[in-house]
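Taken in order, these protein sequences are the chains called G and H.
For the first sequence, the residue numbers in our numbering are 12 to 469.
For the second sequence, the residue numbers in our numbering are 12 to 469.
No lab work stands behind these hints: they were computed from the structure.
No experiment lies behind these values; they were computed from the predicted model shown.
Take these hints with a grain of salt, some might be off.
The list treats identical chains as interchangeable, and a pair is accepted whether it falls inside one copy or across any two copies.
[Stated by the list, open to error] Heads up, simulated DSS-like pairs for lysine-lysine below, C-alpha to C-alpha not over 30 Å straight-line:
#1 Lys20 / Lys140
#2 Lys295 / Lys209
#3 Lys139 / Lys20
#4 Lys266 / Lys20
Number of protein chains: 2
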Amino acid sequence: MDDTVRRHKYTLDEDEMPTTWYNLVADLPTPPPPALHPGTLQPAGPEDFAPLFPMDLIMQEVTQDRYVEIPGGVLDVYRQWRPSPLFRAHRLEEALGTPARIYYKYEGVSPAGSHKPNTAVPQAYYNKKAGVKKLTTETGAGQWGTALSFAAALYGLECEVWQVGSSYDSKPYRRLMIEAFGGTVHRSPSNLTAAGRKFLEDPANFSGSLGIAISEAVEVAASDPDTRYALGSVLNHVLLHQTIIGEEALLQMAKAGDTPTHIVGCTGGGSNFGGLSFPFLREKLAGRISPRIIAAEPASCPSLTHGVYAYDFGDSAGMTPLMKMHTLGHDFIPDPIHAGGLRYHGMSPLISHVYELGMMEAQAIPQTECFSAAVQFARTEGIVPAPEPTHALAVAIREALKAKETGEETVILTALCGHGHFDLAAYDDYLNGRMVDEEVSEARFAAGLSTIPPVPVG
Amino acid sequence: MDDTVRRHKYTLDEDEMPTTWYNLVADLPTPPPPALHPGTLQPAGPEDFAPLFPMDLIMQEVTQDRYVEIPGGVLDVYRQWRPSPLFRAHRLEEALGTPARIYYKYEGVSPAGSHKPNTAVPQAYYNKKAGVKKLTTETGAGQWGTALSFAAALYGLECEVWQVGSSYDSKPYRRLMIEAFGGTVHRSPSNLTAAGRKFLEDPANFSGSLGIAISEAVEVAASDPDTRYALGSVLNHVLLHQTIIGEEALLQMAKAGDTPTHIVGCTGGGSNFGGLSFPFLREKLAGRISPRIIAAEPASCPSLTHGVYAYDFGDSAGMTPLMKMHTLGHDFIPDPIHAGGLRYHGMSPLISHVYELGMMEAQAIPQTECFSAAVQFARTEGIVPAPEPTHALAVAIREALKAKETGEETVILTALCGHGHFDLAAYDDYLNGRMVDEEVSEARFAAGLSTIPPVPVG
Numbered sequence: 012m013d014d015t016v017r018r019h020k021y022t023l024d025e026d027e028m029p030t031t032w033y034n035l036v037a038d039l040p041t042p043p044p045p046a047l048h049p050g051t052l053q054p055a056g057p058e059d060f061a062p063l064f065p066m067d068l069i070m071q072e073v074t075q076d077r078y079v080e081i082p083g084g085v086l087d088v089y090r091q092w093r094p095s096p097l098f099r100a101h102r103l104e105e106a107l108g109t110p111a112r113i114y115y116k117y118e119g120v121s122p123a124g125s126h127k128p129n130t131a132v133p134q135a136y137y138n139k140k141a142g143v144k145k146l147t148t149e150t151g152a153g154q155w156g157t158a159l160s161f162a163a164a165l166y167g168l169e170c171e172v173w174q175v176g177s178s179y180d181s182k183p184y185r186r187l188m189i190e191a192f193g194g195t196v197h198r199s200p201s202n203l204t205a206a207g208r209k210f211l212e213d214p215a216n217f218s219g220s221l222g223i224a225i226s227e228a229v230e231v232a233a234s235d236p237d238t239r240y241a242l243g244s245v246l247n248h249v250l251l252h253q254t255i256i257g258e259e260a261l262l263q264m265a266k267a268g269d270t271p272t273h274i275v276g277c278t279g280g281g282s283n284f285g286g287l288s289f290p291f292l293r294e295k296l297a298g299r300i301s302p303r304i305i306a307a308e309p310a311s312c313p314s315l316t317h318g319v320y321a322y323d324f325g326d327s328a329g330m331t332p333l334m335k336m337h338t339l340g341h342d343f344i345p346d347p348i349h350a351g352g353l354r355y356h357g358m359s360p361l362i363s364h365v366y367e368l369g370m371m372e373a374q375a376i377p378q379t380e381c382f383s384a385a386v387q388f389a390r391t392e393g394i395v396p397a398p399e400p401t402h403a404l405a406v407a408i409r410e411a412l413k414a415k416e417t418g419e420e421t422v423i424l425t426a427l428c429g430h431g432h433f434d435l436a437a438y439d440d441y442l443n444g445r446m447v448d449e450e451v452s453e454a455r456f457a458a459g460l461s462t463i464p465p466v467p468v469g
Numbered sequence: 012m013d014d015t016v017r018r019h020k021y022t023l024d025e026d027e028m029p030t031t032w033y034n035l036v037a038d039l040p041t042p043p044p045p046a047l048h049p050g051t052l053q054p055a056g057p058e059d060f061a062p063l064f065p066m067d068l069i070m071q072e073v074t075q076d077r078y079v080e081i082p083g084g085v086l087d088v089y090r091q092w093r094p095s096p097l098f099r100a101h102r103l104e105e106a107l108g109t110p111a112r113i114y115y116k117y118e119g120v121s122p123a124g125s126h127k128p129n130t131a132v133p134q135a136y137y138n139k140k141a142g143v144k145k146l147t148t149e150t151g152a153g154q155w156g157t158a159l160s161f162a163a164a165l166y167g168l169e170c171e172v173w174q175v176g177s178s179y180d181s182k183p184y185r186r187l188m189i190e191a192f193g194g195t196v197h198r199s200p201s202n203l204t205a206a207g208r209k210f211l212e213d214p215a216n217f218s219g220s221l222g223i224a225i226s227e228a229v230e231v232a233a234s235d236p237d238t239r240y241a242l243g244s245v246l247n248h249v250l251l252h253q254t255i256i257g258e259e260a261l262l263q264m265a266k267a268g269d270t271p272t273h274i275v276g277c278t279g280g281g282s283n284f285g286g287l288s289f290p291f292l293r294e295k296l297a298g299r300i301s302p303r304i305i306a307a308e309p310a311s312c313p314s315l316t317h318g319v320y321a322y323d324f325g326d327s328a329g330m331t332p333l334m335k336m337h338t339l340g341h342d343f344i345p346d347p348i349h350a351g352g353l354r355y356h357g358m359s360p361l362i363s364h365v366y367e368l369g370m371m372e373a374q375a376i377p378q379t380e381c382f383s384a385a386v387q388f389a390r391t392e393g394i395v396p397a398p399e400p401t402h403a404l405a406v407a408i409r410e411a412l413k414a415k416e417t418g419e420e421t422v423i424l425t426a427l428c429g430h431g432h433f434d435l436a437a438y439d440d441y442l443n444g445r446m447v448d449e450e451v452s453e454a455r456f457a458a459g460l461s462t463i464p465p466v467p468v469g
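Model the full structure from these sequences, guided by the hints.
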């Protein structure tokens, strides 16, 4: 028996946790284009967002400050599970026979089992501070609804969640988790909103989409002065909160005495990817490190690699401000793949801008390759990953196998943004040969792209 | 907003993890009575266990040594998730309005989500070392089967799991988790074994029991020289491996600068309870601390508070050696309550002996009180507990509320031995008023007790 004892994780004490979030906008050569008011097509001001968000969050959305202090009340909650561990994937490396060193930052240790509480907690905190009584939101795979329900419970806020219909039907445990934390869950499209009732007129919409669920949650928030809306990805303030991941990982890679040559994160709306990569991008822009930064997106919903860079709505009903982003069209209905959390038609405007600036790459990964990576990871590292980060694992494995061929020194850092305890039906499909890959063709995306409104580029 | 930042967890570095397991037997005034061969009724020797376990584990079962060194290969695996965190439950204390300080050692960070890998890993390690090719086992709630499947994958062993029928039917995600790690799952009673076929003759046995599933797994192991059996609780070597929990907690309580007045653990077969409490019991026997040590068992399967202390079989078919333990009778079929992992007719012989020596107490808790505690815990501490440790949480809350009345200085340490991600159907029942308490009466237990064989007390 091999009795070698290795170091598997690089931890930080609570006291070592960073106390600021990082705002990449401060370090970019040009700022991202502003959101536009959908009526006037003029840049949207803070007052345009006020029915949806408390002013503290709106100010974070538009701040130019490089660092934003994390309030004590948020640090206090973060400190229950943060700093999260950074793992060296020794056993996966062995199984691949690669000389590459693979590290993963694991966010599955959070109460909701993903990175989402990193922003749910400050969002609930600032809403409570502003006197808000209730939060509404949407959830796809269920990670975000769980996180917001948890955060709302801590601050005594009500939480009402519109869960995408297909997810509501196939993931009862996700709904139960949200309810265990005290939240209320509605199947979307619902009869509770004008938007929901309108979408229900067409049976094709019955399975729902994130865009439809957002329309419902936004409508309810906008119509009640005591209620606000919370979004789990896409927006600047959400990505800002998630930078705690990358800031910790920077400190942990230093403890490991290693420097990443590849940083890989999965992208849906972009918050996990931005959270991991932005602090490293700051270091790269400053010339201190030079990693490739790679977004791994699902082949079924590839907004970066197959979308266009244009102004589009964030929701299906066209109620949100217009945002300049890589989009497949706000009416795009993705294939029912398993990585539900990545099935959003658009990409964070900030990440879209960074992509346009040539500061990062993107790869679209078919789902069977993701699950092949997931099973190999589970059986070596012992953690069953959520479907979302398996896209990043697949890219990490691609790069690790390349290193085996080329012998090039390769140090991969990826984000394992959540566990897959509520996604095992997808593993069942994969292990029993019922999973097929997505169709990826121009024809597949033509209908969605045709719905993008003809807005003059800002 | 309250912006106080508190310390929530007491962590240890990998380097600070204890490198020995602790054997309580070395410090007891009298040794526990030996297991008996079911045919001869003479004390069972190592050779009697050899068809089931590798010799390293048999030697650990009977060792008198105070400390057993943890092999490097096991330490290396432990170090992925261990040392596990010790939390201070600040928000639960606030919600209870209690002056008591409540700490919980959290084992849900392990790959399987419970304390079970602490023994699954060394059991797989020693079996691999002995040249074994396949492990068989039973699983009730599913925690143990998941843990053994994970451990077997690491060492390249096959793993075959008999899952109690009612659990197999109601918890498909547990089966899928075992399969994701590479294990094979059979519904028990199965047609694959003589024992299973015999039990299936009576339709009353269709929902299965741990005792039946053990019979099946033991039968398969005993009939194949390349296969051994692994047990997830009850036996001395299992409790030995679990003492890593208490050894770490001792170091962490010292870091917290606090001394427990109450140590509370849930008991099914006893491994989680023994793992937490034995190192503290060592300190108590040495006169260094004086905590009350309390076992929390389910009212539906209360072997300590309603069983008898007698020699009985470990399985339903009567294939195992006879063990002196608190038992409800090896034919006892518990009510179908949700804390499936605690539904074993017997109690670890070592814990039974400690209980007879008056070194600990026991309380039986009805399930609605458990889930009331669970929901309060989830909504304050942010972790949805497995049903098993909610028994201990209920006792912790009882004691914390007593402290509020009496003002007595109370420091409670409990083990949160797993998360409830696969048990949310039970939360659904509780939150929607479908959960009722168990019948606890002499009549309820009479049938089971009558099946205990008339063996002369050793």
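In rising order, the numbers of the hints this structure does not comply with: 2
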